[in-house]
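Protein chains: 2
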Amino acid sequence: MNIRFYNARILTETMDITEGELWVRGNTICYIGDGEDVSSVCKEPGDVILWDREIDVKRNLLMPGFKNAHTHSAMTFLRSMADDLPLQEWLNEQVFPNEAKLKGEEAYIFAKIAIMEYLTSGITSAFDMYIYPKEVIQACVDCGFRIVQVSGLNNFTSSLEELEEQYVTYNDYHELCSYKLGFHAEYTTDKKLLEGLAGLSEKYHAPVYTHNSETKREVEECRQRYGKSPTQLFEEMGLYRYGGGGYHCIWFDDEDIDIFAKRNLSVVTNPASNLKLASGIAPLKKMQEAGINLAIGTDGPASNNCLDMFREMFLVTGLAKLREHDAAVMDANDVLYMATTGGAKAMGLSDCDCLAVGKKADLFLMDLMQPNMQPEHNLTKNLVYSGSKQNVKLTMVNGKILYEDGQFFISEEPQEIYKKANEIVSRMK
Amino acid sequence: MNIRFYNARILTETMDITEGELWVRGNTICYIGDGEDVSSVCKEPGDVILWDREIDVKRNLLMPGFKNAHTHSAMTFLRSMADDLPLQEWLNEQVFPNEAKLKGEEAYIFAKIAIMEYLTSGITSAFDMYIYPKEVIQACVDCGFRIVQVSGLNNFTSSLEELEEQYVTYNDYHELCSYKLGFHAEYTTDKKLLEGLAGLSEKYHAPVYTHNSETKREVEECRQRYGKSPTQLFEEMGLYRYGGGGYHCIWFDDEDIDIFAKRNLSVVTNPASNLKLASGIAPLKKMQEAGINLAIGTDGPASNNCLDMFREMFLVTGLAKLREHDAAVMDANDVLYMATTGGAKAMGLSDCDCLAVGKKADLFLMDLMQPNMQPEHNLTKNLVYSGSKQNVKLTMVNGKILYEDGQFFISEEPQEIYKKANEIVSRMK
Numbered sequence: 001m002n003i004r005f006y007n008a009r010i011l012t013e014t015m016d017i018t019e020g021e022l023w024v025r026g027n028t029i030c031y032i033g034d035g036e037d038v039s040s041v042c043k044e045p046g047d048v049i050l051w052d053r054e055i056d057v058k059r060n061l062l063m064p065g066f067k068n069a070h071t072h073s074a075m076t077f078l079r080s081m082a083d084d085l086p087l088q089e090w091l092n093e094q095v096f097p098n099e100a101k102l103k104g105e106e107a108y109i110f111a112k113i114a115i116m117e118y119l120t121s122g123i124t125s126a127f128d129m130y131i132y133p134k135e136v137i138q139a140c141v142d143c144g145f146r147i148v149q150v151s152g153l154n155n156f157t158s159s160l161e162e163l164e165e166q167y168v169t170y171n172d173y174h175e176l177c178s179y180k181l182g183f184h185a186e187y188t189t190d191k192k193l194l195e196g197l198a199g200l201s202e203k204y205h206a207p208v209y210t211h212n213s214e215t216k217r218e219v220e221e222c223r224q225r226y227g228k229s230p231t232q233l234f235e236e237m238g239l240y241r242y243g244g245g246g247y248h249c250i251w252f253d254d255e256d257i258d259i260f261a262k263r264n265l266s267v268v269t270n271p272a273s274n275l276k277l278a279s280g281i282a283p284l285k286k287m288q289e290a291g292i293n294l295a296i297g298t299d300g301p302a303s304n305n306c307l308d309m310f311r312e313m314f315l316v317t318g319l320a321k322l323r324e325h326d327a328a329v330m331d332a333n334d335v336l337y338m339a340t341t342g343g344a345k346a347m348g349l350s351d352c353d354c355l356a357v358g359k360k361a362d363l364f365l366m367d368l369m370q371p372n373m374q375p376e377h378n379l380t381k382n383l384v385y386s387g388s389k390q391n392v393k394l395t396m397v398n399g400k401i402l403y404e405d406g407q408f409f410i411s412e413e414p415q416e417i418y419k420k421a422n423e424i425v426s427r428m429k
Numbered sequence: 430m431n432i433r434f435y436n437a438r439i440l441t442e443t444m445d446i447t448e449g450e451l452w453v454r455g456n457t458i459c460y461i462g463d464g465e466d467v468s469s470v471c472k473e474p475g476d477v478i479l480w481d482r483e484i485d486v487k488r489n490l491l492m493p494g495f496k497n498a499h500t501h502s503a504m505t506f507l508r509s510m511a512d513d514l515p516l517q518e519w520l521n522e523q524v525f526p527n528e529a530k531l532k533g534e535e536a537y538i539f540a541k542i543a544i545m546e547y548l549t550s551g552i553t554s555a556f557d558m559y560i561y562p563k564e565v566i567q568a569c570v571d572c573g574f575r576i577v578q579v580s581g582l583n584n585f586t587s588s589l590e591e592l593e594e595q596y597v598t599y600n601d602y603h604e605l606c607s608y609k610l611g612f613h614a615e616y617t618t619d620k621k622l623l624e625g626l627a628g629l630s631e632k633y634h635a636p637v638y639t640h641n642s643e644t645k646r647e648v649e650e651c652r653q654r655y656g657k658s659p660t661q662l663f664e665e666m667g668l669y670r671y672g673g674g675g676y677h678c679i680w681f682d683d684e685d686i687d688i689f690a691k692r693n694l695s696v697v698t699n700p701a702s703n704l705k706l707a708s709g710i711a712p713l714k715k716m717q718e719a720g721i722n723l724a725i726g727t728d729g730p731a732s733n734n735c736l737d738m739f740r741e742m743f744l745v746t747g748l749a750k751l752r753e754h755d756a757a758v759m760d761a762n763d764v765l766y767m768a769t770t771g772g773a774k775a776m777g778l779s780d781c782d783c784l785a786v787g788k789k790a791d792l793f794l795m796d797l798m799q800p801n802m803q804p805e806h807n808l809t810k811n812l813v814y815s816g817s818k819q820n821v822k823l824t825m826v827n828g829k830i831l832y833e834d835g836q837f838f839i840s841e842e843p844q845e846i847y848k849k850a851n852e853i854v855s856r857m858k
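So the sequence lines, in the order shown, correspond to chains H and R. Counting with the numbering used here, you get residues 1 to 429 for the letters of the first sequence. Counting with the numbering used here, you get residues 430 to 858 for the letters of the second sequence.
It should be emphasised that the hints constitute simulated quantities derived from the structure, not laboratory data. Computed from a predicted structure; not experimentally measured. Glycine residues also receive a C-beta, built at the ideal position from the N, C-alpha and C atoms. None of the hints are false.
A short, non-exhaustive set of chain H residues, derived as facing chain R with CB atoms under 7 Å: (1) Pro86; (2) Leu87; (3) Lys276; (4) Asp331; (5) Ser386.
Lysine-lysine pairs mimicking BS3-like chemistry, simulated, CA-CA at most 30 Å apart: (6) R:Lys715 / H:Lys216; (7) H:Lys429 / R:Lys487; (8) R:Lys563 / R:Lys829.
Let's have the full structure, built from the sequences with the hints guiding it.
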C-alpha cells in the first residue's frame, strides 16, 4: 500500500514539530517534506506514486509509534481477576495457579486482546515475555503487529535447549518478529541455567534481559544467596557482555547504576505496575544522569491492568518528581523520547525508532482537536501530561493501518475475540 | 426530554451491577427495573410515556456521573505553559503573572474547554474555585453542566462583602448551580478575613472548604505563625462548625484526622496534581479507617494537566498502595465510591449521588466492548484499573445528553471555542 498523509504536523527525531507531508510506500517512510520538492522520491520527470489512500491529517499530529518495552500480553486472561491482594497472595494463589490452567491456544486469544489495546494507545510494538512465546508471536504476526519476544528462562517452565531453538527460529521467522535472550528473574532461575544462558549470549553475541530488582525482598534474598545484588551477580557471570537490560530496576544502588551505564544496558521502567503491586519508585533521575538508556513498559495486564502508554508517561514524570521532591525533574520531552526512541533502542528496533525517511512506517495519528489537547501552548507537554487513548485516531504498523476511528483491521472480528476470551475465563472459574 | 435506556447494565448505589432499563423523565430518573413491571411509573392502565429517544445500551454500563470534587476549570489557559518547573517558580513566575493578564470573559472561554473535557471523562459536575466565579458559573449553565462554585476568599482578589453577595446570588440562580463558602488557603488569607468567614458560616449555617496542607512547607509556616496546623487553626476559629472539607490534605497528623472525622468533613484528594507538583501522597488509608468521607478532584489544568477521573482513580489506589507498602489497600469499589457518591457528599449534591429513582439524571455510558474492558471478570475493577476516557460513549447532565460518540451538545461549536482560546493565549505570550 502507498499512503500519503498531507496537511500534517509531524513529531521529528529531536521532538520538534514540523509541518507538511509524510509518505509511506509499502512498509517504509519514503518522504517527509513540504510536498513541493519531491525529487528525492520521484527522481525522473513524470514519475508519480499511485496512492492507495491520501489522508488529510487536518493539522493533527503524526507520531512515531510508542514502544511498549516490557509486557506479558497474554496475561489479559487475569485482568481484574486478582487485584487488591498482597503481593505474595497475588502471585502464589492467583497468578501461578491460573497460569497453570492456561493453554497455548488460549494465550493466542488473550494476546490478541492486548494487541488491540496497544493499538488504541498508539503502541506499535511490544517487548513480550511469556510462557507461550510461540502463540504470542503468532497472534502478533496474524494481527500485523510488531513483536520482540524475549525468552523467560526459569527453573520451572523452560529449558536452554528450547530457548536456543526458539532464538534461532524466531529471529528468522517473519519481518514483524524478533527474539532476544532473557530469563525470568534471579529468584526463579538457578545459577546453572544462568551460566548456560551466558554461554548462549557468548555464542550469538546476544544481549540479555530480565526482571531485575523489582522488590526490596528480591534484592535482599539475592544478597543473602550470593552476597551481591542481582545486577552485580549478572555482571560477574558475563550475562551483560553484549548488552541487554532490566525490567523494573527499582531497588538499584550506585554500583548497579554504574554497571548499567558501563555496559550500555537499558532500564525499562513500569510505573503503573510498581504502584499497583506496591513495589516502589525507580531512581530514574540518577539513571538518566548516568547516561543510561531509559524505556517504558506497561508490564502485564495482571499487574497494571491497563496497557496504555499515556498513563505510563504521566506516571514516569509524576513519580520521578515525587521521589526527588522536585517538580522540575524528568521533562516531558525526555519522557516522550523514552516512550518512543528509548524503547526502540532497548528492543533493538533501530529501523522504526522515529519518523524519518527509510524507517519502517510504525506510527500513529493523534487528534489534537479535543479539549484535552487545547490550547496549543506546547504540543509535547500536552501529549505527556494530558494525552489520552481517546486522541488516537489511527495506528499503523509496518505500513498497514491496523486501527482507525475505533475500528480494528486485524485478522479477526473483535466481538469474536471477546466471546472466545469470556468463554475461556468462565471455564477457568 | 424523555429517554429510555434499555438492554443496559447499571451500576447501583452499592457498587453492584443490575441488568435492565433506566428511564429518564425531564431531568430525573423515574424508573430502574426489568421493563416489565412499570406500575410505579405508569400508574393507570393505558398510561404510556412518549419517548423522545430509546437507546439500546447493548449490555454496556450506565454509571452515575463522576464528581470532580476539586478543580479550577478556567485554568486550561495555563495548560502546558508552565510545566517541569520548581513549585515556587511555577507559582510566582507563571501562574500569578499570567492570571493577572486573564480577563473574566476569557475565563468563560477556558472554562468551556474544561467542561468539554469533563464530559469526555464521564464527569457530570465540578466543585470549582476561581477568581472569576461568575464567568465560570455562566459557562457551566450555558453548557448545561452542573457546578458547585466555592469562594476562594484571599487577601488579594476578593472581599467578604463580594463573597456574601455571591453566596446569596448563586444559591438562587439556576438549578445547575450552587455556591459554597470557602477560602483559598491559610497562607493567602489573614486571620481577620478568616474570622469574617467564620461569621458568615455561622450566619448561613454553611460548611467551609479550603486548600489544606498541600505542601510540607505550608504546614510548617502555619505552625510558625500560629503554633498549630492549618486544620487545628480552622477548627479553633469555628470554621468547621457546619462541616465542609479540605482539598489535598497531604501533610495531616493524627489530630488533623481526628478533627476531620469529628466534624464530618470531607477530604478531597488530588493525586495527579500532588505528583506533578511533587507535593506528596495523602494518608488516605488512615483517613478511611477514621471514617472520613473521601472524594476525588483533578485539581486545575495548570497543575495536573489532565481533567480525567479515570487517571485520578488509578492514582488514588496506586499511590495508597505505594504509601502503605501494601497491594491490598484501597479496593477498587472504594475508589469508585469516592469518585461518585463520596464526591457528591463532599459537594452537597445529595440529589445526584447515584443512579436511583428520584435522583437527577447525571450519568454516563461506558462502552465495555473495547479491549481494555475485556474479559469481564469484574466490571468495577476493570473500571478503576483499566477504564479510560476512550470508553465514554455518552454523558448526560440533568437529563440532557451533552456528549455522545465524540460529539458535544453544548451552547457553542468546539472549533469556535478552541479558536478563541488559542487567540487569547497568543496575545498573552
